[in-house]
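Take a look at the letters that make up each chain.
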Amino acid sequence: MTEPLLQLRNLRVTFPGPRGPVQVVHGVSFDLGRERLGIVGESGSGKSLTGRSLLRLLKHPAKVETDRLIFDGIDLNALSEKQMRNIRGARISMVMQDPKFSLNPVMTIGTQIAEALRVHENLPRTEVKTRVRAMLDQVRIDDPDRVMKLYPHEVSGGMGQRVMIAMMLIPQPDVLIADEPTSALDVSVQAQVLDLIDTMIVGNGMALILISHDLELVARYCDRVLVMHRGRVVEELEAGQLHAATHPYTKGLLAAVPRMDETRKVLPVMDRDMEYDQ
Amino acid sequence: MSALSPFPDSERAPRLVSGLGTVGRFVLVTAMTFLGLLTITFFIGRIVPIDPVVAVVGDRASQEVYDATFRQMGLDKPLITQFALYVRDVLTGNFGMSLSTGRPVVEDLVRFFPATFEMATFGIVIGVVLGVPMGVIAAAKAGSWIDQLIRVLGLLGYAVPAFWMGLVGLAVFYAGLGWVAGPGRLDIFYDGLVPTVTGILTLDALLAGDMQIFLNALSHLILPSSILGFFSLAYIARMTRSFMLDQLDQEFVTTARVKGVSERAVIWKHAFYPIRVQLVTVIGLSYAVLLEGSVMIEIVFSWPGIGNYLTTALLTADMNAVLGATILIGTVFIVINRTSDVLYRILDPRSR
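Order-wise, the sequence lines are chains U and Y.
FYI, the numbering for the first sequence is 0 to 277, going by numbering that gives the first Met the number 0.
FYI, the numbering for the second sequence is 0 to 351, going by numbering that gives the first Met the number 0.
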């Protein structure tokens with residue numbers, strides 16, 4: 000078997016608390032090939048922290064430790080901050096939750112997308128502009144020349160998220176982390192954005208880590224699913240095998256999904272503090 | 000565009016004011032604010048328990064003289080007419096005579112205000128040029144020794160009284176080290192050698208091409224304006240620091256890091272750009288406060304500025320001078336506020 004694209008072993012994240020350090024991620028491990036991996040879990044399960052740890056984005060006072068963090072043969076833990084910047088964006092990128100907050104409010108969309116390209120490649124101005132226009136075209140934005148001159152507050156949420164995707168994919172990375180990319184969007188545009196991510200990932204032969212709290216959505220857009228609870232991976236499943244889940248927490252999550260032919264009066268509520276034995 | 004922006008190319012050319020409607024509204028709002036200022040000064044002039052007639056003729060004048068002056072000053076007319084006359088006087092630059100200097104108030108203001116303007120402008124430049132980078136660095140390195148140092152400096156700016164700074168500054172840098180000139184705006188033997196054009200001595204000396212006088216005026220100016228600069232620096236650095244801490248927590252700053260942008264560009268381009276609007280407010284207010292004239296500094300440095308003038312006028316119940324100076328200071332505030340409003344529109348695409 001070939002070496003996986005990304006190997007993560009025993010990720011631990013700790014924050015200082017008023018009564019000593021609080022560990023919030025307890026030894027998460029996984030391998031990622033050129034595939035679509037979903038990470039699901041409820042709020043506070045550590046799925047976003049896991050995503051951000053891969054890019055070494057967490058700053059003091061968070062303490063991040065891993066036994067092994069290898070990407071494409073590079074030991075990310077051994078890199079200096081400057082070397083890490085060459086990985087960020089160019090090799091591993093991330094789409095965040097809400098374009099209202101994740102796009103710079105005082106920079107035009109064109110400038111922001113161009114910047115993502117310019118920090119990694121030294122290209123002439125006209126070439127940058129051509130690439131930005133082509134990228135906006137790829138994320139199905141009509142009239143790219145007009146949109147490039149707009150500010151983020153002048154576009155809709157769905158369009159903002161497509162701009163975000165364009166910005167993160169323009170340097171042609173190998174891995175895209177999508178951290179709840181649709182939870183801030185209207186239901187009607189959620190599918191559009193996810194279809195777009197899917198097309199781009201598959202089309203460019205990239206790897207995707209889709210972080211979400213929505214089981215069905217992850218099952219639809221991923222090949223493999225990790226279920227996280229309280230900072231641990233409690234179950235790993237093929238996306239098609241969700242119904243065959245064995246772990247009580249996963250079963251609990253699935254049972255809480257409402258159905259069309261519903262006869263239940265009250266949906267079951269998860270006991271969030273329950274500890275499951277590994 | 001902005002002198003502070005290290006990345007001038009990434010901004011779009013500002014759409015300054017679009018259409019006559021915006022200009023019209025701008026002028027109207029400014030005029031209304033000014034009218035409000037005049038209303039307030041007018042009523043202060045009526046409410047203050049100083050008989051304006053006695054102030055002019057003295058308390059030993061006969062009843063006939065008193066009555067004649069009373070009518071001459073228009074005090075027998077209805078209040079609304081008096082107000083109209085007052086507005087007309089102000090608009091034509093007639094603030095009456097100053098009792099203490101014996102000159103028209105307008106002439107006094109023209110003499111005294113440039114001195115304050117010169118000192119305040121130097122002060123605010125020092126405050127901005129040092130204070131803004133200090134605040135940014137303190138926020139970027141929050142919690143480090145350099146952050147602590149900057150915070151202590153800022154605290155000193157709040158805690159130490161101005162006159163004490165002035166006296167110690169004079170004792171150390173003038174009397175002790177001899178690095179700067181003493182109180183006053185010029186050494187006595189240079190006085191009156193340069194024709195007054197703007198009233199700003201350094202500028203007048205440059206216009207006359209006299210470097211010797213320019214350097215002398217500068218060496219008189221540097222200490223008091225540095226002290227004023229230190230006070231505004233303390234405030235500006237503190238505010239910049241807290242604005243920056245806010246921005247560095249924002250999601251779009253993380254986005255910039257995800258893109259692989261260098262930490263310097265993250266701080267100066269992504270986090271600093273949006274706070275320029277807030278800084279305009281802070282800097283504008285600090286500048287306005289300095290332009291009001293720091294009485295303490297002006298007295299310690301024998302600086303013939305507006306603060307000094309206004310205080311003297313108050314103490315001698317020289318109402319014409321007080322109202323004239325108040326209107327001038329009020330106008331300065333209005334001008335600075337309106338300028339800030341225009342700058343907002345240029346700096347923040349969301350307010351256009």
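Hint data in this document are derived by calculation from the structure and do not stem from the laboratory.
Possibly wrong hints are sitting among the right ones.
Stated by the list, open to error - Taking lysine to any residue and the SDA-like style, the derived pairs with C-alpha atoms no more than 20 Å apart in a straight line are:
| # | chain 1 | residue 1 | chain 2 | residue 2 |
| --- | --- | --- | --- | --- |
| 1 | U | K99 | U | E179 |
| 2 | U | K58 | Y | W144 |
| 3 | U | K81 | Y | R263 |
| 4 | U | K99 | Y | V193 |
| 5 | U | K81 | Y | A264 |
| 6 | U | K58 | U | V127 |
| 7 | U | K148 | U | V127 |
| 8 | U | K99 | Y | R263 |
| 9 | U | K99 | Y | W144 |
| 10 | U | K62 | Y | S143 |
Enumerated hints in conflict with the structure, sorted upward: Checked against the structure, the hints that fail are numbers 4, 6, 8, 9, while the rest are satisfied.
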